[in-house]
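J.: These are the residues of each chain, in order.
There are 2 protein chains.
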Amino acid sequence: MRLIVGVDLGGTTIVVGTLTEDGSTLYGLIEEPTPGALGPEKVIALIGAMIHRSIEATRSECGDDVEIAGVGIGAPGPLDTARGVVIVTPNLGWRDVPLRDLVATATGLEATLDNDANCATLGEWWRGAAQGAHVVVGMTIGTGIGGGIVLDGEIFHGASDVAAEIGHMTIDVTGRRCKCGNYGCLEAYASGPAIAARAVEEIEAGTASAIPALVGGSLDQVTARIVYQAAHAGDALALEIVRDTARFLGAGVANLVNILNPDVIIVTGGVTRAGNLLLDPLRIEVARRAFKPAVQACRIVPGGLPGTAGVYGAVASFKVQRWGRA
Amino acid sequence: MRLIVGVDLGGTTIVVGTLTEDGSTLYGLIEEPTPGALGPEKVIALIGAMIHRSIEATRSECGDDVEIAGVGIGAPGPLDTARGVVIVTPNLGWRDVPLRDLVATATGLEATLDNDANCATLGEWWRGAAQGAHVVVGMTIGTGIGGGIVLDGEIFHGASDVAAEIGHMTIDVTGRRCKCGNYGCLEAYASGPAIAARAVEEIEAGTASAIPALVGGSLDQVTARIVYQAAHAGDALALEIVRDTARFLGAGVANLVNILNPDVIIVTGGVTRAGNLLLDPLRIEVARRAFKPAVQACRIVPGGLPGTAGVYGAVASFKVQRWGRA
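Chains as they are written, first to last, in this note's numbering: chain Y, 1 to 326; chain Z, 1 to 326.
Check the hints yourself; a few may be wrong.
Identical copies go unnamed one by one, so any copy, or any two together, can satisfy a pair.
[As the list claims (entries may be wrong)] Below, in silico cross-link-like pairs of lysine to any residue (SDA-like), each with a Cα-Cα straight-line distance of 25 Å or less: (1) K179 - R247; (2) K179 - I284; (3) K292 - P193; (4) K42 - P78; (5) K179 - D244; (6) K42 - T13.
It is worth saying that the hints were derived from the structure and are not from the lab.
So here's chain Y without its partners, still in its complex pose (with noise of 0.2 Å):
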């Protein structure tokens, strides 16, 4: 029985599961929070032991007749994915970390790296929501909007690794700052944080609204969520807040439709708690913006592999990087 584990390091929780190499089965799931603020050799040693844990709990399970082929490692980027390399991450503050080859010497096991927006991504074609597709493109929505491409099953990485950078696509060229420094990225409007911020500004301009009352009167304690949980309860502002959202977002996903021509559009992270509230209008804009023969063939669903989709990612990597095929 031959096995593969895939590690998703995020910059806030690492996740680690070993797979079954037809990813038919998920033993061994482990989740813990990056201890990113102790630099890249503590978390290294963490993901070593997670890998050794989640290993040791599918052997519990399955015997011990248990053949490890590796390690499919998913990262925040830019990487440098031939050789294993992450070159920077703004959340964890690395720099030209080999973190492949370092988790190989840490497990002794062969390793691989891959993006972990694209590794999502081609977890829901291998396993998920977009199985049988030929062009796949995943959004994921949180603190920032990541993205990952997947033609014919496998990652498509542009001439230099960083393809799918979706986040500061300007949808609005004169529009809202960025943190990245430039003006009317969908970032800037579509993000957690930034639907938290249009809901504070239009609350302190005066506009009535539950949501006040939902963080007890303190605008500095407003999230993504409770904005969602306002309009799930029928906030006149809340729901204004989403549906602008889903119209920002619709924007950005018809550009995608356009350009990419995608069969499916996976839509993943925080921002879809919203459910449906956020996904018709969202589907309507896409519909009105994009052309229609792309849009005939397109569907946007939300992801299939809720908080797993970047282990199963890793491990069809892994199986991409060192045997051809997911």
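Keeping the supplied structure of chain Y fixed, place chain Z upon it in accordance with the hints.
T.: Using the frame of chain Y, we list chain Z on its own:
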């Protein structure tokens, strides 16, 4: 000696030429206005006659020991490339025309069909300014803004043959109305007619400019070409319009750089007559807006095959479709 005929069918002109298999020599290049108003039968009869003339011209240069392997056709879309059918062409008013097989019947030669903007990009990859590149985006900026994507020497078609519809990318979600009915499309700012319209708006609002004198006071005669002419002569309004165009185009190109991480972006079409007046500020805007590692990987250059990229690409597409590689 084996050659392939390339046909570039446009809304205003048809260009036909015959290329050696390796693309090194072009023979029998001819161009005719497209008799669009006469309907598909007449257009296809003209294409057949032009192919015949191009082959005759080739034979008279190369002798009779010439084998014509087939005909590659590039045509405006959307198309069904697998079936060789033009589904709709707004400029020609065609619907469901089996162009590939009609040309094959008219000439007795094997034929293939692909989208014209895709072909132009493939032509630049094969024999133009994008040779050796892995990820190429082509942009043709004229009456509209067309696009093509070539990945490792093959046209990227997307899930349903309509990828690279870049003209209707939203860059200003609440912006100018586009003739497609939406607001803020790149084409509403940076196409030839949009450039002329922005100049006329400013002049009508009272801005001083040399442009009215160039058209004898008839503002309905202002074209993008007149605006570039005034800009080259130092007219302040025209220079501002060209700089603004570069800024809008730069936002669109930055989106393509962020999403696709290309190693080359080829800019062609009438707008490029503005030369470095346009390209220099365009490159600056892209560098300001796009992700730095993606900017560093990407050259933004004018096309290397003016007027013939479509013919080269139609031939290259024939080779890919029939023989697996250009």
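J.: Now tell me if each hint is right for this structure.
T.: Structure-based check of each hint:
{"no.": "1", "hint": "K179 - R247", "in the structure": "both (21 Å within a copy, 20 Å between copies)"}
{"no.": "2", "hint": "K179 - I284", "in the structure": "between (29 Å within a copy, 20 Å between copies)"}
{"no.": "3", "hint": "K292 - P193", "in the structure": "between (32 Å within a copy, 23 Å between copies)"}
{"no.": "4", "hint": "K42 - P78", "in the structure": "within (21 Å within a copy, 54 Å between copies)"}
{"no.": "5", "hint": "K179 - D244", "in the structure": "both (20 Å within a copy, 24 Å between copies)"}
{"no.": "6", "hint": "K42 - T13", "in the structure": "within (14 Å within a copy, 65 Å between copies)"}
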